[in-house]
Structure formats: C-alpha cells, structure tokens
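**Q** Take a look at the letters that make up each chain.
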Amino acid sequence: MSTSLTTLLERAAWIGGAVTLAIGAFAIARQLTVRFTGWRPAELSLPISNNLPPPRLPGWFPRFCATRSAEAREPLGQVQVACLLARCVESAVVWLIGLTLVGAGLLNVWWYGVDLDVVPVAQQRHEFVVLAFLAVTITGLALIGVVWRMGLSIVAIGVLLSAYFSLLDQGTISRRPANEADLAACPIEIRMEDGTVGADVWVNGVLLGQTPLTVTLADWMKLPKWLDAPTTGPDGREVLTTRTSRGTRWLTCVVRPDRRWVSASVPEGTYFLWAEIGGEPLVSAHASHANVSFDGVQWMASPILIQGQSPRWLTALDRLLDQARARDYRIESPDEWLAAMHSFGEGGWRQAMRAAESEPLLNDMLVELLQREIGVTAATTQDEAWAIFERLERQATEARDYQSESRIGRSLELLLPHLDPERLARYAAGIVDGLRWVPSARSWGVLRRGEHESVGRALLPVVSHEHESQTDGNARPTFSTGDLTLSHASVDVTHFRRRDQLARLSFLAHAVWRMDELLDRKETDEAGDNVIERLVVSALLRRGAEHADVRQLVMRLGGSLEDQHLQRWFRDWRRRRPGHEFQFGSEFWRMTQGDQSEAARRWRRQHPDEVLSFAESIGFEENQDFYFGLSDADVSTESLAVRFWPKYREHTMSLQGWPPVRKLAAMWRYLFRMEPYSTPEMYVSAWRTSGIELFLASELQLDDSEIATRLSHDKRKAVIAALTAEAQARLNFAQSDEARRRVAELEEQVAKREKMLRHDIALGPDPVAPRNQKEFLETLIAEAQSELKSAQYDISPRRLAELEETLRQIAALERNAFASRTQRALQRFEYFDDKESAFESLADVMTREIPACPELLELLDSPDPKKRLLAARVIRTHPAPHIRPLLEKLLGDADAEVKKIASETQTEWQRLATEEPGKWLRVTDHKKR
Amino acid sequence: MTELVIQTESLGRQFGSTHALTDVSLKVTRGTVMALLGPNGSGKTTLLKLIRGLIQPTTGRAMLLGQDGRLLTNAVTSRVACLFEGFVPPRTATVQQLFDLQAGASPKFDRGMAECWCAKRELPLNRRMWSFSKGQQRWVLLGLTFASRADVLLLDEPADGLDPSARRELYDAIRDHANENDVTAVVSTHVIGDIERVADELLLLRKGRVDLHAGLEELREQVCEVETSASHPARTWSSELVLLGQREASGSRLTWLRAPAGECETLVKRQLTNSDLVRPVNLETLYLALTEYRATLDRGEAAFGSEPGTR
Amino acid sequence: MTINRSLLVWQCRLMLPVTLVAMLFAVGYAAFLPGLLRWHTDYLALLFITIHGWWLVLSVGRPTSGGVAFLYGNGFDRDTLWRHTLLASALAVGTVWVPVAILIWSPLRGVIQSWLYDNPEFSLMAPLETSYPWFLLLGYLVWIPMLHYAWIREAQPFRGGNSGHWLAVAVVVASFTMGNAAPLRQAPPWMINSFVGAALVLSGMLLLAGRRLHRDLEVRA
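Chains as they are written, first to last, in the working numbering: chain A, 213 to 1141; chain B, 1255 to 1565; chain C, 4 to 224.
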C-alpha cells in the first residue's frame, strides 16, 4: 500500500538524507585532507566554453572556502583543539537530541505514530525508511555543523524535526489524511458469529456470496438502496417481522463511516441482510452493524456478525438433547456424545447450556461431558491442570471471541477449583503488568445475545452486563468481547486493531473473577485478602487505577486494597477530577444505581448521604428522565430507594412536556425497582400525583420484563386492589339510588377484576404480549371505563346492559393480565393466528417447569379431549424424566386421537433412548474461521 | 642566580578587531616590584590577566613561575595572589568567611596578619561586605592578598578607592613584602607618585605596545629634565641625547632627555643657556609628558619639530 | 581527588538561597500534591528542574559574575574549581532531591496524603511512583552539566559562544516535546532504557567537554 504522499515523503527522505550526509562527509573529508596532506585546493572554477563568460559565483563562497582551507592548514594550537572539541560535542549533542526525538516518534501513540504491534509490515517499511533517513539527515547536518556553522546546523535540525512532527500530526506517513480512494477499498467482512462457513448472504436483495466473505466498501455502496425490508425473502416466501418469532426476517445492518474522517459524500446507510444455510433461512437471526473508521494507518470496518441458526440445525440439536432426556441424561458413551455436541459447533454448546439452565440434569450431563473433554478429572498435578488452562486460553485466543456463557467459559469454571490460585494470580498479574494499552481502553462493545442487547466495555474488565439467571434470579456477570461493532461515538480504534487480544483478556478476567469467588467462600489469610485480591487487584490498580474499567473489575474482586482505594475514591464525588465530572459522574451513577458487587453495596451502606446527594445533583436536570436505580434490596426499608422516593416523585412530576401517563410510568418503574419495599400505597400515590383521571393502563408503555422481575403475584393483586379502590372512590356519582347501586355493583365487579388494568402492564414474566390481544383488551377496558364514567350522569338500562356485557368479556380475558407465564402462553396459543410459533412457546414453557406445571396437569385432566390432545402434543416435545410419567395417563385415554399421539410419542421416545447421538452432518463446513 | 618569575614572549591579545596587546616581551625577576603604567585602554589589565592565565593570548605566551599561563597548576596558583577590578566576593560574604576561603587557597595564609590588617581600619570580621564602603572593601581584599603570603602579587590598580594614608600604607606594605619575602609584584596604577617610592621597574604601555621598560634607578640616572622658556624655539639636541618627551606649560617648556647613565646632565648643560634649568627627572611629570607627547605625535601634530628618540 | 573544604563551603554558600527555596518547594510539592506523580506528564516538575538548575548554575558557574571571577583569581587552579563547582552543584541538587526521594519511596507521602486528603490512592503511591525520583534525577543529570557547559562555552576564546545556550534551549524543548509527544509509559522497556542511556551519554559528554573547555575559560568580569 502506498499513496502518492507517502511515496513522495519516502523519496524526499532518502534523497535528502543521502545528499545531506554526502555534503557533511565531503566537508569533513576535505578538511582532513587539507590538514594532513597539505593539499591546496585550486581556485574554484567551472569548465567553460570558449565563447561564454565564466560563471560568477557569489563572492562569499570563495572567501568561505579560502578561510576554511586556511584554518585547516593552521597548526592545531590548544585553542583550535578546544574549538574543534566544542563543535564536535555540540554536534554530537544535537545529533543525540535529534535521534532521540526521532525515536520518540516511534512511540507516539497519540500522534498515531508507528505502532509496531499492529502496523502492517508494508506500512512499517514506510515508517522505518523515513525514520532511518531522517536520522541520516540529522547525522549529516551534525557533521556539517562541525565543519561549518554549528548554529546553522542546529537550526536546520530543528526545522527538520519540526517538519517531521508537524507532518506526523497532520497525518502523512503514520497518520495520513483519510484518503477516500482508499476508503473505497476498505474491506467489510461478513461472517457467522459461530464461525459457520458457507452460509449464503444477501444484502438488499443481492447475493454477495458465502460466509466468510469480504466486500469492499465501494461495492457495498453500489448495492441497491432499500428504504425498508420487503415482506418476502429472496425466494419469495413471506417473512415474519416480529422480533420474538422464530421466523425468518431481513436483518438490519447499518454501515456507518466515521464522520471524523469521511466527508458527507460517503453516506451512512441501512442495509438489509438475509442469510441462509443450505437453502434454509436463518431463524432468530440478528446482524451487527459495521462501523467504518480510520486509525491513522488504514481504513477498517468492524465485521458484520450474523447470529442465527438454521431451522434444521435447531431441530437436530433439539433431537440430540431429546435423546439425552429420553435416557434420563445418562450417557453410556461420552466420547460419542462429545463428538455429537462438537458437531453443532460452539453455538450448539451455547444453546444446550442455555437449555440446561432450567434442566439441572441436563446441566449435570453437560458438565460431565465438559469435564471429560478438558480432562480435568484426570489431571492429578498442578502442572496438568495448568496445561488445561493454557489450552483453554489458546482456544479462546484463536477464536478471537470469548463469552463466559460458552463451552470454553464453562470449561474454565469447571477447571478453576483444580487450579492453583496463586499460580493463576501471578499469571494474571504478570499479564496486567505487561499490558501497554490499558489506559486508552475506552471503547464499548455491543453484546448481542438473542434479542437482548447490552453494551459493555470491550476490554478489561470486559464485563458485559448483569445477566440474571432465569432459575434462581441471582445476577451473574457475564464476560464477553462482544462483536466490537464500535457502535459508539467514542471509537478508539486501537482496541479494534487489538481485538485479537481481547478474547484472551476476557478469558483471564473470567478466570480471575471466578477464582476470587471460590476463594472468598473459603477461609482467607490473616489480612482477609485472598491471593487474587493481593496480587491481581494490586496489579490492576497499578496499571489503571484511574480508569473506570479497572475500578469496576477491582470492585468485584474486592480485598483490602480495593477497599482502601475505592471506598475513598467515590466518597467525595464533587472533588474528583475537575473537568471530568461527566465521566466520573457516569461511573458514580452506575455504581450507585446498578452495581451489585459487594464493594458497591458496602459503599452504599456506608455513604448513603453521598448517594442521595449525588442523585439529587446529577439526576435532576431539566427534562431529563432520571433512570435511577438505587437497588439495595438488602437493607430493607432503609434502602436508599425508599428514602429517595419522595424526591423522585416530586422530580418526575416537575418534568415539563411529559404527559401524565409517562410520568406515571416513570414513577411506577422506580417503584418496581424498589421492590419488595414499595407498598401499594406508593403506587396509588404515584397514580394520584400523576393526575390521571382514570387508570388507562394501556398508555403506560411499561416494559413487561421489569414488571415481571420485580412484582410478586400477591403484590400485583394488592396494587390493583388499592388502585381500583381509589378509582372506585372517584367514580361513585350515579344519578339515582338504583342506578347508583347498579353502578356501584358494576364498579365493584370492575374493581374485583384484575382486568381493570390494561394487559400491557400484565405482571407476568412473559416478556411481550401479543399485540392484537392487547388491542382487544384495551378496547374492552376503555369501553368499560368510558361507560362507567358516563354512567355517573346518565344510567340507562341499555347502558347498564352494555356495561355488563363488556365486563363479561373482560372477565373472560382477565386472567391474561396477570397470568403466569404458562397461562399467557396458553392464551396466546388460543388467540394467535401463528399457532406453530405459539405452540412452540407454550410447549417450551409448560415442559420446563419441574415438577410438571399445574396448567399442564390441568390440561391432562381436562374433560375436553381437545385440551388433552394439546397436552399430548406438549408432552411429546420434551421427553424429560419429569414429563415422561405424564404420558402414562394419555396412553389409556378415551379419545382415539389422544391415545394415538401418546402411543406415537412413546415409540418415539423409546427410539430416542436407544439411538446413537445424532450429529449435525451437513455439507457446509463447521470449522472455525 | 635571580629566578625568572614572569616571562612573556611576543605576547599579544586581540578582542575581535581590537589589538589590546601586541608583541609584549618582558622578564621579571624575583623580588622585583614593577609598576605598570599606561593610559586607559593601553592593555595593563589585559597583560596582568594574560600573565595570570585568566584569559588566553592570541599570540605568544606568558610564563608564570615557570608554567605556561594557560596551564597553571595548583602549585603555581597557590603562590600567586591577584587583585582585579570586578573580581569581588559576594556582597553577603563576611570577612571571616573570606579568610576561611583564602586559607583554603593559600597554604601559607597568615590569618593573624589578615586580622591585624583589618584591625588597622577597624573593620569587624563578622560584618558582610555589603556593609563596607568601596575603600573598605578594597582594604579587606588587600589584606587577604598580603596575608596569603603569595610569592607573586598581581595588583590591578590596588589603590583605587583608598584614601591617601591608606595608599601610603599599601605601597609600604608592597615594599616590605618585596624586601622581606622576596615577593614579586606587578602593580598597575595611575598614581605614579605612590609607586615611585616602591617600584623597581617601570613598564609603560601605550595602545597595547611597550613604550618604555626600564628600571627606575636607571631612569633617574639616564633621564634629566630641562626647563627652558617656551618663547624660545625648540632646541635641537645633540645626537647623544634621546628626546623622550616635551611639554609646555605656564610659559615654560619641559624637555626630558635620555643619555647613557650619568652623562645626561653633562651633555645637556653643554647646550643650555643661563635661563635654562636642568634637574633630575620627576617620574610623574615624565610619565604625563611621555603619554601626552606620544599622543601628540600620534595625532600628527609635530609641534615641537622633532621625533622621539631622534636627534 | 582532594576536596578543598573551604572552597566547597564557599560555593555551597553561594547556592544556599536557591537551594533552600527549591527544597521547600520540592518537598511541599511532593508531599502535598494530591494525585499520583507521573514523571512523563509532570510538566511542573520539568519546569522546576529547568528553573532550579538555571538558578543554581547562575550562582556558581557564570564566569562573568564578580563573585565567580573572584575565585578564579584567588589561588585555585582550574581543575580544582571545576571539580568543586560540580560537587557543590551535586550537593545542592541532592539537598533538594534526597528529601523528595525519601518522601516518595517511603510510605511517608502516602501517609500524608491519606491524613490530609483521605486520598484513595495513598496505598498505591509508593509502588506507582517509584520511578518518579529517578527521572527527576535524570533531568538534573542532563540539565546541570548542560548549563555549566553553556556558560563555559560562552567564555571560550573562540567564536560561537552562544551555541551552548542554544543547546540548552534545545535540551529543554526536546524534553518538553518528548514528555508531550510520547506516552513513554506505554513504550517497551528497551526503548525507555535507550532514551535514558542516551541522556546519560549526553550528560557524560557534556561533563568531559566542560572539564576540558574549562581550562581555556576566560574570566572577563
């Protein structure tokens, strides 16, 4: 690679260097010759032709030469020797300074100087050529200074170095201005996140090729422009556009050139990807964005990573897991099972481990397989265990990606109890000490896991987000390098270039974290610190105590050193880092509201006033929605959230431009996060404060996942009861006694029904309710509310009858509002058109519960054969030990169809229990990239 | 055999295009007190500094106690004491501290003598230099110089700032030192009346060159002063007499003539009239006349019609 | 090598005011500055070394001053004067540097920071700031000989007397440029060692050249 400017500079450098050195060498040689041989240089003259006058040289030049010659012939008296010595020394000093500055240019990360780790070899050549000849030029000038004029030599060297550094800063060799011609050639890589080779990829309807593939930005920009994704795929089949569906869809991908380098002529674009494996469109797919940036050396784009699975792959994997279930998770030939699992790739392992979260026996099986694979049970010495560790580390590094929720991550966790903590600590501390770029590690990585998107630091400590296990509700941090989409404005391309090393660091961070947890459970030394806290925390603080990333990891590791450091660090946030309040504020904010590490909790307990003061100062900006967590559930009613609630309510109500429903939603979110210490009265007071006349829950737009994870069933009922009592208190304005009595009765019915609330705030764990069902319920409840309101003034029999009918419909659907996850799945299945997808969800929900969920048992015992048939179909999907006994009931069912399905299921399960573990065999290669 | 303490050979010093000293060759033996005279800018200080090695010669060389002035070792420097205009100790230094320093520089430093010297002018030893007048400061430095018991004294206008009695004491001290300790001294001064009592030799510099170098006794024996009427035309003296200088003032013309030792007066009287007077030379007036006469000749005003040193 | 105590005392006395002021400032700075001391971004320290060194050398190393010229005409030979000038300079620097080093290398600074400011980094200071005093010393090792050389060079009997001062300017500019341009903390150790080595070579060269040229120095007060 070369540009005209680079080539020009390179040529100028070596020509200039050679010429200067030649002049200097000539001058020195001439002086020495005159001195030691007595040669008298002839008068300067040039060959002339007969008819031309001799060229006239400037008068000073011959005089200069004569003077220097005379000097050279003079005997070297003491003074002359001293003079010569002084000039030599000064030349040498200037030469040393010049070369040192040139050498400093090698280090200049901020000026995007030569970064030897990552500069391509071809680019290094340019760098070293220019630097070498710059050094030669300086040497030549120094020699000239000895002979001629020292001052001029110094000035010349100074000018040269200034020019060099100015050019560096402007961007030439090492930091060239972004050349848009080169931009066009910037490669964009598209690959499958799990490394699958051979998936067909379309972009905006154009088939680009098979993964992994690379297209240039120029070609990418030539693709047709689509404003929106079509409703059919490339093969003409209709696509499903809902995000939660297992259906296929066009994947959105935004290509964003970095505006610091690229003019507006290169547009930002949204593109639509479609991926298939073996003719099958991927399901549950997602694609990352591509940021195009310039790091001073080259253009680069973050790879477009496509997540998703082929339906057949999913089916095959399901079958493999079913085979395990059918065997009661007892595996006779672990090697075969390992081979089968590996055939599904890393994605298969992840999928299996996700399933195992709700299947302890499956989890045990996977653990056994992993233990066998890594050989941890066979490792008897520390060296053997360490060898396993190194092997896992290599695998993570080669994969260029690491997630704690992966095979390697899980294997690591199995290995850690066998590993010498001190050895690990020393190893990790050594790596931390050797890191050269922690201070500049500020970029974020975007982690995409299914539909859930989170953002985390892409470097140490590489903590992505707090992932809550679905079984025990305990938050557990995950580690991931993410896909490094560079999707934030503060792009630091240094990390992008070093992304290969990030996987290793994530692996190490995971290991250190878990080891620390293990050790914390055991007895610690006299100081209370385990070896991780002693060695690794001190190394981390040494390397980057001033950086939020490091502090975050240090907080989680804990220890006395961390305690000393961090407890004070956050104590007086106003004094920290003048000029960096925002950055510090963000970190402070995160720690006060969301961080569940022991350090953060302890800090909150010890400094509640600081937290509250901070919340008031930072959070309450005009028209800002203050997402303030204060999650300190371990301190009961003295929690910060409880103490802060009145202020938060007051603040929310003072926000300008917010409709009442939005304010109410914000307040309720706060109360949700305050659970279980928020009271129904708080919810009511929020509603009352919001000024909403009637409780129109459909407009609240609350995130169901928050509601689902925060409110218990009993609390939900209490809240609703309180709300309806309040609502009822306002609605009692019936005209006549009879009417009033009737209205009161109806209101009572409404009050009794949980269906008074919109199903949007349905407080069940299922994430998203079907839209059409929502709309239907909204309509019903709106009608009821409207009627009840107007009934205050005009109660006619017809109206009352309509009201009662509405209430009957609401009652019929009321269970959906507060249904359990299973109930909602059932309802969805009942009402949705996409029965296949709804059935999948229903079966999944019903069969995960151990022991068998009540709704399934209810279906089994139902007198309605359709319900029993549904039960049979559900049971058939999951041959787990706790489900299989349920089949017995259906084998003798009165209904022929039910009995048939039960029989087929039994046959199928028997086959599953005996056949060999099914490998994923495809033509497509599943080798890693 | 008399030791050669100071010797210069074609010594010259150029500052840029200015020739401060040109072709100065002299020899000074041990125990000699040499008066270094000359108008301002004649090169006196330059010569002293060259001898001491404080500056480098452009041509020639200077030897001090047998060593080249540019390479003086501690064995020589500890035997040489200097006093130069501008070489002043820090104003915050006390007299006692100066004595301590000098004791380190000169192995033979006589602290008692230094203290007596200062006591003559009632100068307390614990006072700082800034609290003394210029003359008192000079007195202290002179005490330091003498008490160092140096073998060579190079004094550049040492009497500058001293009152008449102090000047007398100074020169007496120089003479005593020279007599008692065989100290060699080169003293530059403008006040020839003081130095006339103590100097053995006279070196007269003009525009960086040696104008006159002779012993004082020798000068007194060889030079006589003739006073004639200024109204009479300038006399042409006999070829045995060398005209050193002439000067007219208050109607009289003073002429200084030089002849071989003891013969000057005799030779002069042959050409004198009754109104003319001849007498031994007064060095101060001789010096003034010499310098003035030379300056007159330099300007091309041959007012007296004869060239110096001509007949 | 004999040491003339009276001469050494004399020269140290000349530098006493600047040494006292510098020591107070340096110790105060090292003790009371909150935050970590990082040599490569501490421009104030670099400026301090520049000014302190310049003032020190001005006190004892300028031949055109009467006080320094007095020594030259007072019975000491050139080499003795040169030796004692350097020694006195080293003692003056040491008087400032040693307390700073002790403060930083011992837990003292951390204790003061903890007591005064509740500084959370107090426990980290000793290990993180270990290299700081060494780089201060390196700065002095380069700067003091450089300044002495500059004045000696100015007093030479041949042309180009200002080149020493220009070189001193060049050293200052280069130091600030490198401090600003290169986050040397992130450089590989061999590169940092190269720079240190170059600085020491520079210092040695200036000392040797200074000694040699000092013999030809002209005292023109």
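Please note that the accuracy of each hint is not assured.
Just so you have them, the derived chain B footprint on chain C, three or more residues with Cβ under 8 Å [what the hints assert, rightly or not]:
(1) 12-24
(2) 216-223
To give an idea of the interface, some chain C residues facing chain B are shown, with a C-beta separation under 8 Å as derived from the structure [to be verified]:
(3) G70
(4) Y75
(5) D80
(6) T83
It should be emphasised that the hints constitute simulated quantities derived from the structure, not laboratory data. No residue lacks a Cβ here, since even glycine has one placed at the ideal position from N, Cα and C.
**Q** Mind checking, does the segment 216-223 of chain C have 3 or more residues with a CB under 8 Å from chain B?
**A** holds (count 5)
**Q** For the restraint on D80 (chain C), tell me whether the closest CB of chain B is nearer than 8 Å.
**A** Hint holds; D80 (chain C) Cβ to chain B Cβ min 4 Å, cut 8 Å.
**Q** Mind checking, does the segment 12-24 of chain C have 3 or more residues with a CB under 8 Å from chain B?
**A** holds (count 4)
**Q** Closer than 8 Å between Cβ atoms is the bar; does G70 (chain C) clear it against chain B? Give me holds or violated.
**A** With Cβ-Cβ at 4 Å, under 8 Å, it holds.
**Q** Any CB of chain B closer than 8 Å to the CB of Y75 (chain C)?
**A** Constraint on Y75 (chain C) satisfied, holds at 6 Å.
**Q** Under the criterion of a CB-CB separation shorter than 8 Å, is T83 (chain C) in contact with chain B as hinted?
**A** 6 Å, holds
In terms of the numbered hints stated before, the structure departs from none.
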